[in-house]
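S.K.: All chains, full assembly: derive it from the sequences and hints.
There are 2 protein chains.
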Amino acid sequence: MNEPTSFLLHRVIVAMDTYADQLLRRDHGVTFATFSFLAVAAAMPGADVTSLAQGAGMSKAAASKRIPPLVRDGYLTAEPDPHHGRRLRIVPTPRAYALVQAAGARLEAEFSDLFTLDARLDEPALRRQLETLAGVLGLPATPGDQP
Amino acid sequence: MNEPTSFLLHRVIVAMDTYADQLLRRDHGVTFATFSFLAVAAAMPGADVTSLAQGAGMSKAAASKRIPPLVRDGYLTAEPDPHHGRRLRIVPTPRAYALVQAAGARLEAEFSDLFTLDARLDEPALRRQLETLAGVLGLPATPGDQP
DNA sequence: ACAGGGATGTCAACGTGTTGACATGACGGG
DNA sequence: CCCGTCATGTCAACACGTTGACATCCCTGT
Numbered sequence: 001m002n003e004p005t006s007f008l009l010h011r012v013i014v015a016m017d018t019y020a021d022q023l024l025r026r027d028h029g030v031t032f033a034t035f036s037f038l039a040v041a042a043a044m045p046g047a048d049v050t051s052l053a054q055g056a057g058m059s060k061a062a063a064s065k066r067i068p069p070l071v072r073d074g075y076l077t078a079e080p081d082p083h084h085g086r087r088l089r090i091v092p093t094p095r096a097y098a099l100v101q102a103a104g105a106r107l108e109a110e111f112s113d114l115f116t117l118d119a120r121l122d123e124p125a126l127r128r129q130l131e132t133l134a135g136v137l138g139l140p141a142t143p144g145d146q147p
Numbered sequence: 001m002n003e004p005t006s007f008l009l010h011r012v013i014v015a016m017d018t019y020a021d022q023l024l025r026r027d028h029g030v031t032f033a034t035f036s037f038l039a040v041a042a043a044m045p046g047a048d049v050t051s052l053a054q055g056a057g058m059s060k061a062a063a064s065k066r067i068p069p070l071v072r073d074g075y076l077t078a079e080p081d082p083h084h085g086r087r088l089r090i091v092p093t094p095r096a097y098a099l100v101q102a103a104g105a106r107l108e109a110e111f112s113d114l115f116t117l118d119a120r121l122d123e124p125a126l127r128r129q130l131e132t133l134a135g136v137l138g139l140p141a142t143p144g145d146q147p
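Sequence order for the protein chains is W and G.
The opening position of the first sequence corresponds to residue 1 in our numbering, with each subsequent residue numbered one higher.
The opening position of the second sequence corresponds to residue 1 in our numbering, with each subsequent residue numbered one higher.
The reader is advised that the hints may include incorrect statements.
[Stated by the list, open to error] Listed next, the stretches of chain W that the computed footprint assigns to chain G, with coverage defined by at least 3 CB atoms under 8 Å from CB atoms of chain G:
| # | segment |
| --- | --- |
| 1 | 3–15 |
| 2 | 118–124 |
| 3 | 128–136 |
If you're looking for bench data, these hints aren't it; they were derived computationally from the structure.
Note that CB positions come from ideal geometry on N, CA and C, so glycine has one too.
M.R.: Right, here's the structure in full:
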């Protein structure tokens, strides 16, 4: 009996996430989840908590809880929206942009290397398969796009 | 600028996991993590807590906490190993085997369908890429194999 | 003007993972 | 035989997500 492809996919991702997490912790002092959240925030500066939650694929409550520590650590600023009494404007600081840029480039480089480690790996082909799969699953073409 | 392939991979998996989780909750009354844990237990009946943790890719403590509720719900039995004063023998009940078999088949069927929904999807090709990737990452060929 | 419904952010309670510490059983070398 | 060391399971504390409830604010229809 063969392992289902979906399970194999799962294991591969878990391994890649673990690797990325260790790299980010060691070299940038943040966890993968934090980096990911900051990357979303950097992609939509001035967004409110709800948009951030959607973009990061988590609940409003989770995003709301994540923000205060990131403000304390100098990665974000959170100010009340002058045009809306309840809405917050979340703006990344230069430190956040620097982290996202550096760590993002680092991760991309690492995983690019990964795809060249074996001649049987064909990144463009894999990418096409994944994009089609994303389409079938109803995922947006780019992460966290706001309509 | 293009989204890194590794990020795309991540998003695809998260979507598939979410889908699987909803299906399992609705039709089998367990979460994906629980199913996954029971699948590991079913693959190594009589294993101790440490082996189970390794097989399921979690810490000993997490496995240890997971077991009592599963015993209470009639999915597992946990008895002291007669040959070792501290070791426990974790044995799945028929109910666990039935769940793993039924839910596993269901998931596999769903995701097989998924791979036929678009003519551009080539499951064998995708699978070869993933297996090579797993090899490069140093993953075992089959999940939870004990040396 | 204002009543009602939706949007927004936060809270409490909970689920489930982690790490580090710990008591205790197994085991091998002196 | 006994002592040091490792293996084993559990506990406490924490991290970080979820859901459901909630107060508050905005906006629209009347």
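S.K.: Hints first: check each against the structure and report whether it holds.
M.R.: Okay, the hints, checked on the actual structure:
Chain G is given as covering the segment 3–15 of chain W, and this holds because 13 residues of the stretch bring a CB closer than 8 Å to a CB of that chain, at least three being needed. Residues of the segment 118–124 of chain W with a Cβ under 8 Å from some Cβ of chain G number 5, which satisfies the need for three, so the listed coverage holds. Using a Cβ-Cβ cut-off of 8 Å, 9 residues of the segment 128–136 of chain W lie near chain G, which meets the minimum of three, so the contact claim holds.
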